[in-house]
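Quick note: the sequence shown, position 174, residue 174 per my numbering, numbers continuous.
FYI, nobody ran anything at the bench for these hints, they're computed from the structure.
Just so it is clear, CB atoms sit at the ideal spot from N, CA and C, and this is done for glycine as well.
A portion of the hints provided could be inaccurate.
[To be verified] Listed next, the in silico DSSO-like pairs over lysine-lysine satisfying Cα-Cα at most 27 Å (straight line):
| id | residue 1 | residue 2 |
| --- | --- | --- |
| 1 | K91 | K81 |
| 2 | K10 | K90 |
| 3 | K91 | K12 |
| 4 | K81 | K172 |
| 5 | K23 | K112 |
| 6 | K10 | K83 |
| 7 | K23 | K62 |
| 8 | K172 | K50 |
| 9 | K23 | K12 |
| 10 | K62 | K50 |
| 11 | K12 | K90 |
| 12 | K81 | K10 |
| 13 | K172 | K112 |
| 14 | K23 | K56 |
| 15 | K91 | K23 |
| 16 | K112 | K91 |
[Claimed, not checked] Restraint ranges, calculated between C-beta atoms of paired labels, are given here:
| id | residue 1 | residue 2 | range |
| --- | --- | --- | --- |
| 17 | T179 | W87 | 19 to 29 Å |
| 18 | D184 | N99 | 30 to 40 Å |
| 19 | D184 | T5 | 48 to 58 Å |
| 20 | D19 | S177 | 48 to 58 Å |
| 21 | L111 | K23 | 21 to 31 Å |
| 22 | E61 | S39 | 12 to 22 Å |
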Amino acid sequence: MRIYTRSGDKGKTSLVHGDRVPKSDLRVEAYGTCDEANSVIGVAVSHLRKEEFPGKEEMLEKLNRVQTILFHVGAELATPKGKEVFWELKKEHIEELENLIDHWDADLPELKNFILPTGVEAAAHLHMARTVVRRAERCSSALEEELNNPLAVGYLNRLSDLLFVAARYVDKELGGSETTLNPDV
């Protein structure tokens with residue numbers, strides 16, 4: 001299989017099952033943004049691999065699972081409504097994120113102010129991934145009537161929450177400090 005096909009040179013791309021759409025199509029934006037978020041999570045993971053902290057292996061395992069599911073969510077978004085979906089997002093996947101949020105959040109100080117998306121490198125990249133996932137969520141929610149699985153929007157919403165908590169958790173574990181928003185600026 002060659003990397004380049006030249007089939008997209010005129011501004012169109014194929015969805016799952018071969019339907020051709022403009023590359024500017026909102027569906028393409030939604031699944032492309034999932035891919036972008038996945039890449040940013042990958043950058044955070046590359047930084048985490050260089051660090052040592054309790055819970056590192058669990059976090060790497062969980063982020064690998066998140067990346068895998070996010071890849072599948074992107075594939076669901078790339079599947080036109082009514083066509084066979086090769087992998088199905090389930091409510092249990094969202095519940096899994098909620099359980100992980102609760103698990104990592106239990107070790108964090110209570111938030112009393114907004115914080116800026118900063119911290120150690122891995123934490124800053126997790127914050128960045130969170131914002132990219134939020135964009136994927138906005139694109140996906142605009143496709144509401146065209147989605148095969150409305151759980152995709154909920155999964156992306158919860159994933160952004162998870163990435164926020166993960167960023168805070170990593171920052172705490174690696175000795176970083178949160179920067180509180182200064183309301184007087």
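Agreement of K91 and K81 with the hint, judged by alpha carbon distance not exceeding 27 Å: 19 Å, holds
- prompt: Taken at face value, is the distance from the CA of K90 to the CA of K10 at most 27 Å?
  reply: Given that 27 Å is the threshold and the Cα spacing comes to 36 Å, the pair is violated.
- prompt: Does K172 lie within 27 Å of K81 when you go C-alpha to C-alpha?
  reply: Violated, at roughly 43 Å.
field: Pairwise hint evaluation, K23 against K91, where the allowed Cα distance is 27 Å at most
entry: 30 Å, violated
task: With 30 to 40 Å as the target window, see if D184 and N99 comply at their CB atoms.
output: Holds, since D184 and N99 (Cβ atoms, about 38 Å apart) stay within the stated range.
message: Tell me if the straight-line CA distance from K172 to K112 falls inside 27 Å.
response: With a Cα-Cα distance of about 16 Å, the restraint between K172 and K112 holds, given a limit of 27 Å.
task: Decide if the proposed pair is consistent with the structure: K10 and K83, CA atoms, cutoff 27 Å inclusive.
output: Given that 27 Å is the threshold and the Cα spacing comes to 25 Å, the pair holds.
query: Holds or violated: K23 with K12, Cα cutoff 27 Å?
result: The given pair, whose Cα atoms are some 5 Å apart, holds under the 27 Å limit.
query: Can the restraint linking K12 and K90 be considered satisfied, given a maximum Cα separation of 27 Å?
result: 31 Å, violated
- prompt: Has the given pair, K62 with K50, been kept, meaning a C-alpha gap of at most 27 Å?
  reply: 17 Å, holds
task: Could you grab the alpha-carbon distance between K112 and K91 and see if it respects the 27 Å cut-off?
output: Distance of about 31 Å is beyond 27 Å: violated.
- prompt: Do the alpha carbons of K23 and K56 lie within 27 Å of each other, as the hint requires?
  reply: 38 Å, violated
This entry does not satisfy hints 2, 3, 4, 5, 7, 11, 14, 15, 16, 17, 21, going by the numbered hints stated previously.
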